[in-house]
Amino acid sequence: MEDAEAERKRRQRKRSVAIAWILAGLVLLFFIVTIVRLGGSVAVRPI
Amino acid sequence: MTDATVQAIPARLDVAPGGDVADYFALLKPRVMFLVVFTALVGLVAAPGTVHPVLAIAALACIAVGAGASGALNMWYDADIDALMARTASRPLPQGAVTPDEALAFGTVLAIGSVLCLGLMANWVAAGLLALTIGFYVFVYTMWLKRWTPQNIVIGGAAGAVPPMIGWAAATGTVSLESFVMFLIIFMWTPPHFWALALIRARDYERAGVPMLPVTHGADETRRQILIYSLILAPLGMTPAVLGFGGMLYTVIASILGAFFVVFAVDCYRIREGEAADRAAKHLFAYSVLYLFVLFAVLLVEQGFGLESGAVPLPWTL
Numbered sequence: 001m002e003d004a005e006a007e008r009k010r011r012q013r014k015r016s017v018a019i020a021w022i023l024a025g026l027v028l029l030f031f032i033v034t035i036v037r038l039g040g041s042v043a044v045r046p047i
Numbered sequence: 001m002t003d004a005t006v007q008a009i010p011a012r013l014d015v016a017p018g019g020d021v022a023d024y025f026a027l028l029k030p031r032v033m034f035l036v037v038f039t040a041l042v043g044l045v046a047a048p049g050t051v052h053p054v055l056a057i058a059a060l061a062c063i064a065v066g067a068g069a070s071g072a073l074n075m076w077y078d079a080d081i082d083a084l085m086a087r088t089a090s091r092p093l094p095q096g097a098v099t100p101d102e103a104l105a106f107g108t109v110l111a112i113g114s115v116l117c118l119g120l121m122a123n124w125v126a127a128g129l130l131a132l133t134i135g136f137y138v139f140v141y142t143m144w145l146k147r148w149t150p151q152n153i154v155i156g157g158a159a160g161a162v163p164p165m166i167g168w169a170a171a172t173g174t175v176s177l178e179s180f181v182m183f184l185i186i187f188m189w190t191p192p193h194f195w196a197l198a199l200i201r202a203r204d205y206e207r208a209g210v211p212m213l214p215v216t217h218g219a220d221e222t223r224r225q226i227l228i229y230s231l232i233l234a235p236l237g238m239t240p241a242v243l244g245f246g247g248m249l250y251t252v253i254a255s256i257l258g259a260f261f262v263v264f265a266v267d268c269y270r271i272r273e274g275e276a277a278d279r280a281a282k283h284l285f286a287y288s289v290l291y292l293f294v295l296f297a298v299l300l301v302e303q304g305f306g307l308e309s310g311a312v313p314l315p316w317t318l
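From first to last, the protein sequence lines are chains A and B.
Quick note: the first sequence, position 40, residue 40 per the working numbering, numbers continuous.
Quick note: the second sequence, position 307, residue 307 per the working numbering, numbers continuous.
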């Protein structure tokens with residue numbers, strides 16, 4: 001029974017870590033895609 | 001759910017409660033996902049104009065996740081029949097590694113997320129096509145056709161054929177005759193591909209009550225239908241050359257591949273008894289995977305390197 005509980009916690013932790021990595025990847029992807037869609041000329045504008 | 005499923009689920013819950021990351025990955029049907037991404041990539045590369053590599057990768061990732069979501073929702077709905085078939089009994093739901101609620105939530109979040117992301121990162125035509133594909137696969141094929149008619153994989157095959165059109169739409173914001181031709185090739189390829197598998201697994205499908213053609217109309221009729229579809233597929237595979245987006249290399253390879261497809265289909269039609277019949281169906285199934293992969297790989301190479309424009313004039317273009 002304790003083994004099953006330890007195994008459940010281990011799997012839950014692995015799932016949480018995977019979700020964290022996926023969210024971090026999505027943040028990075030949205031950032032890069034935003035930069036790409038804005039285009040290079042976004043920095044060249046009147047102040 | 002059947003008694004067999006109910007008995008199968010608690011077995012693993014006692015041993016290892018909660019799904020592993022690998023179980024959730026298996027819900028995405030990674031092998032199907034690979035073929036979807038590959039054909040979508042061909043559509044994206046074959047489309048006129050250029051797409052920024054980052055946006056192309058992001059679009060392909062969205063298409064991959066959308067395909068995975070369809071797989072997860074399919075496994076959620078089909079857990080009862082999956083538990084009864086040898087090929088699918090080891091999937092996460094029949095094994096009890098993932099609960100039906102978890103699979104449903106996982107698939108739904110990924111489906112909505114992939115469509116929204118594709119819309120925001122590429123365009124809403126591509127996103128609309130992806131949403132239509134997921135909806136068609138889950139609601140029309142999985143929930144309706146699969147358990148109702150032997151034409152299930154013929155009509156349902158449309159869902160698996162759309163990815164090149166989504167790739168094309170992601171690049172151009174529209175669909176075209178060229179992308180529709182790629183759709184048609186996969187659409188006509190699906191019946192002989194799946195019926196070859198169904199011939200080998202007919203008893204599995206019968207036990208699960210899935211009305212696949214070999215179960216409802218017998219092996220001989222299935223072999224006849226396989227041959228008919230193969231005879232249509234072989235010339236259809238040449239259409240990209242006729243329309244000008246397949247070059248000389250494509251013409252030569254598509255002719256050879258199509259001819260061999262018919263040869264394997266004729267073998268499957270002719271050899272009807274014993275282990276040799278099973279072997280013929282297995283050969284056709286394995287060859288069908290190779291056929292589609294090589295056909296689209298040649299298109300990818302030609303379009304990627306601009307070889308199609310340097311094609312030797314074909315008889316019908318003179």
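Derived by calculation from the structure, the hints in this document are not laboratory data.
Mixed in with the good hints there might be a few duds.
[To be verified] Just the calculated beta-carbon pair ranges, DEER-fashion:
{"hint": "1", "chain 1": "B", "residue 1": "Pro235", "chain 2": "A", "residue 2": "Lys14", "range": "18 to 26 Å"}
{"hint": "2", "chain 1": "A", "residue 1": "Val27", "chain 2": "B", "residue 2": "Gly306", "range": "46 to 54 Å"}
{"hint": "3", "chain 1": "B", "residue 1": "Ala86", "chain 2": "A", "residue 2": "Ser41", "range": "58 to 66 Å"}
{"hint": "4", "chain 1": "A", "residue 1": "Ala18", "chain 2": "B", "residue 2": "Val289", "range": "25 to 33 Å"}
{"hint": "5", "chain 1": "B", "residue 1": "Thr108", "chain 2": "A", "residue 2": "Glu5", "range": "26 to 34 Å"}
We treat Cβ as the ideally placed atom computed from N, Cα and C, and that holds for glycine.
Consistency of the hints with the structure:
no., hint, verdict
1, Pro235(B) x Lys14(A): 18 to 26 Å, "violated (51 Å)"
2, Val27(A) x Gly306(B): 46 to 54 Å, "violated (36 Å)"
3, Ala86(B) x Ser41(A): 58 to 66 Å, "holds (59 Å)"
4, Ala18(A) x Val289(B): 25 to 33 Å, "holds (30 Å)"
5, Thr108(B) x Glu5(A): 26 to 34 Å, "holds (29 Å)"
Of the numbered hints listed earlier, those contradicted by the structure are 1, 2.
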